[in-house]
Amino acid sequence: MGKRALCAFVSMPLAAAVLVGCGGGDDGGGSGEGFISVGIGEPKSLLVTSVGETEGHQVLSALYTPLVRYNDNLETELEAAASIEPSEANKVWTIKLKDGYTFHNGEKVTADSYINSWNYGAYGPNAQDLNSYYNKIDGYAALNPTDGSTPPTDRMSGLEKVDDLTIKVTLASPYAAFDTTLGYTNFLPLPSVAFDDTAAFQNSPIGNGPFKMKGNWEHDQQISVEAWDAYTGTKPKIKGVDFKIYQDAGAQYNDVVGGNLDVVKTIPTAQIGNAKSDLGDRFGQTPSGSFQGLAFPVYQKEFEDVRIRQAISMAIDRTAIVDTIFQGSQTPATSWVSPQFPGARENSCGEWCQFNPTEAKTLYTAAGGKDTIQISYNADGGHKEWIDATCNQLATNLGVTCTGNPVPKFADLLTSLSKKEAVGLFRQGWIPDYPTMDNYLEPLYSCNAIPQPNYSGFCDENFDDLLKKGFGAETAEASFPDFQAAEDVLAEKLPVLPMRFGRNNFGYSDKVKNVTIDLFYELDLLAIENA
Amino acid sequence: MFRYIIRRLLQMVLAFFGTTLLVYWLMFAASGDPIAALAGEKPLSPSVRQALIQEFHLDQPFIVQYLYYMRDLLTFDLGVNTSGRDIGQIVATAWPYTLKLAFIAFIFVVVVGITLGVIVAMKRGGVFDTVVLLLTLIVISIPVFVIGSTLALFGAKWGLWTTNVGGSGKLLAYLVPALVLGSLSLATAVRLTRSSVGENLRADYVRTAKSKGLKRSRVVGVHVLRNSLIPVITFLGIELGGLMGGAIVTEKIFNIPGIGFELAKAIGLEDGPTVVTIVSLLVIVYLLMNLLVDVLYAVLDPRIRYE
Chain C
1 MGKRALCAFV
11 SMPLAAAVLV
21 GCGGGDDGGG
31 SGEGFISVGI
41 GEPKSLLVTS
51 VGETEGHQVL
61 SALYTPLVRY
71 NDNLETELEA
81 AASIEPSEAN
91 KVWTIKLKDG
101 YTFHNGEKVT
111 ADSYINSWNY
121 GAYGPNAQDL
131 NSYYNKIDGY
141 AALNPTDGST
151 PPTDRMSGLE
161 KVDDLTIKVT
171 LASPYAAFDT
181 TLGYTNFLPL
191 PSVAFDDTAA
201 FQNSPIGNGP
211 FKMKGNWEHD
221 QQISVEAWDA
231 YTGTKPKIKG
241 VDFKIYQDAG
251 AQYNDVVGGN
261 LDVVKTIPTA
271 QIGNAKSDLG
281 DRFGQTPSGS
291 FQGLAFPVYQ
301 KEFEDVRIRQ
311 AISMAIDRTA
321 IVDTIFQGSQ
331 TPATSWVSPQ
341 FPGARENSCG
351 EWCQFNPTEA
361 KTLYTAAGGK
371 DTIQISYNAD
381 GGHKEWIDAT
391 CNQLATNLGV
401 TCTGNPVPKF
411 ADLLTSLSKK
421 EAVGLFRQGW
431 IPDYPTMDNY
441 LEPLYSCNAI
451 PQPNYSGFCD
461 ENFDDLLKKG
471 FGAETAEASF
481 PDFQAAEDVL
491 AEKLPVLPMR
501 FGRNNFGYSD
511 KVKNVTIDLF
521 YELDLLAIEN
531 A
Chain D
1 MFRYIIRRLL
11 QMVLAFFGTT
21 LLVYWLMFAA
31 SGDPIAALAG
41 EKPLSPSVRQ
51 ALIQEFHLDQ
61 PFIVQYLYYM
71 RDLLTFDLGV
81 NTSGRDIGQI
91 VATAWPYTLK
101 LAFIAFIFVV
111 VVGITLGVIV
121 AMKRGGVFDT
131 VVLLLTLIVI
141 SIPVFVIGST
151 LALFGAKWGL
161 WTTNVGGSGK
171 LLAYLVPALV
181 LGSLSLATAV
191 RLTRSSVGEN
201 LRADYVRTAK
211 SKGLKRSRVV
221 GVHVLRNSLI
231 PVITFLGIEL
241 GGLMGGAIVT
251 EKIFNIPGIG
261 FELAKAIGLE
271 DGPTVVTIVS
281 LLVIVYLLMN
291 LLVDVLYAVL
301 DPRIRYE
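First to last, the protein sequences are chains C and D. Using the UniProt record's numbering, read the first sequence as starting at 1 and increasing by one per residue. Using the UniProt record's numbering, read the second sequence as starting at 1 and increasing by one per residue.
The following block holds chain C by itself, in its conformation from the complex (with noise of 0.2 angstroms):
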């Protein structure tokens, strides 16, 4: 090849990237008129047994429509369902479907659709993410055996059809706020086509909802749904939404500022500080139910003595992390159950997750404790900051030596915990499905959660005691006391310091208006509206 060979090998690709590259304006590649696009990560599925995670769960809030909805003071509301009542103390319950829902390909939704994806999602061996959601239905342990054998059945013996819209659910042992529970993903329905081929179904599922599918999911692309005009609910006031799938969060954000986004869900917290310069009133705060904790290792000798604990959490000045290094993204937590949910109180923790650097040091001293604290967390989260600000603060006010542990994943610091290395505190963190008190409090403290993900390890029996008489109650009012008292347990031997909880920091272009994220996360597709 001579020396015009090569030149013209170069740059002829250059020509034509060049003359590719002239053609055309930038459209932000919108599906059309009365369209959004909302940013979202890509979901790990669309199968609804399988969505354990918030980007996924964004997409299916538009395709189905869930058995309960919760309003805005997050009180359960029948949404697919025209009734649920209990029976039997609370252990046999009675859905009855309202008429006329079909799914997006004409197929009646009937109490099948919904045992059929109950039971595909409770039997062990198809491995699906939310399979110890459904344990509360009788039934479930023969569905999952534990010493690796196959099940003798693949459906729960609690699920019962009474007819084409009622179905009777046993429960395992009484819970009064069941209902509450049906608002999750994993009580939604699915058609029969779904079972045919899971993989191929939820590359484009078929639900019962406002929305359904336009194309097929664009892996890290794009989803693209359409308002669905048969539906009988509630209908949207947009035409569609285009979820486009970003793989960073500040990209969103640029993207809205830019107005090539509708919707940012998270605005990172380094671009915290200019959004309300750069989106004005566009720029919105909602709180979120996600909590963060410092919690001890129960096998951990030097944090036995509660002082000690009491101590550590007097000397932790929470409200100045929150606003230094989240420049007031989130909120101080004095509480362990969210103050947003029904029952739950603020500042449950009392005097000792209030900042008192001089009873702290006091405490710390005369409980003997150790002038080395070490807190572990995952590096991958952006935790750092916050650890090491709480570290410098723990050093300050304890006059102890604090070291921030950062092992890679949070799965590394689970190892840790499981052979009982001395980690010293570790960082927790917890996302709420539903609005009760006790999806808090029975999957981070109670002894049966051991050891996930009651991480910690904290076991006592008064405290599983009354959970185990709020689940009993008669109404889910009527438990509020024994939960309430049950966290003031948690007051009492503080196994997990309150630290934080989240807030929804969310953008939005001057294209839409009524932009409002709830408490678990989920963008309201019903409410949001052109501008």
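Bear in mind the hints are in silico, worked out from the structure with no lab data behind them. Predicted, not measured: the structure shown is a model, and the values here were computed from it. Mixed in with the good hints, there may be bad ones.
To be verified - Pair by pair, the computed Cβ-Cβ distance ranges are:
| hint | chain 1 | residue 1 | chain 2 | residue 2 | range |
| --- | --- | --- | --- | --- | --- |
| 1 | C | Lys-370 | D | Leu-99 | 53 to 59 angstroms |
| 2 | D | Ile-230 | C | Glu-218 | 42 to 48 angstroms |
| 3 | C | Pro-408 | D | Gly-88 | 26 to 32 angstroms |
| 4 | D | Ala-15 | C | Thr-153 | 49 to 55 angstroms |
| 5 | D | Gly-88 | C | Val-162 | 45 to 51 angstroms |
| 6 | D | Asp-59 | C | Ser-83 | 43 to 49 angstroms |
Glycine residues also receive a C-beta, built at the ideal position from the N, C-alpha and C atoms.
Let chain C serve as the given structure and place chain D on it in line with the hints.
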């Protein structure tokens, strides 16, 4: 030449197996618990755990897992990743993005880099030379994510260019990210060309050519440039291999769902099969690039012969 290429290709097969084994072993040794990593902070129930362990043979010893993987690979079944997506499909959708980005960046590096390099070498010591050297020094010393984020911010604030390349689908959109991605290589290419050309300008055969009365363009184009390109080609060949491997930072900033992004995601999820597949493909790309560079040596310099 032909025999040489065949021999190199055979060596590539060995290199390929060696690297996949190594990468597979590294992934195996580095992974704590892929299923826990997949589940995040919400645990899976024991029965689901067991089903996943069986599906991905995680209870088997390392060599058995590797043989399972190789059996699938050799039958062109790239398998599914830990969240059930077809790995072949992931690679097939991601690679075109990376290729577009890499080629535009590469062309930019070749054309601008070599041209600038030759010009500054000819005007060595002049003002232009000093300015270019200073600029390349600045580019080399700024991390790529700073350049990328700054350009993305400018693009967003004043609507100059799109910052969502993956969603726009237009080739023009790749221009800015390609500039960002190529900037470092460009600076290196300029400096490399400059020194190489400068050296050759002082060579005996160039003096001879000049005193023969040859046209200046011919002296520079044939006698100087062709001889100066060998180190540059070596550098560019390796760079192209690197560019095709995707650029984790640039792809993230400009939202390009390419190979670099998929690789980063798979590493985070301890998704062994995906990581090994992508890395193996990258190994093949590197090997081919190296072969291409070696063949180009012979084209550029007749003194080099392969037996």
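To test your reading of the hints: which numbers does this structure violate?
none
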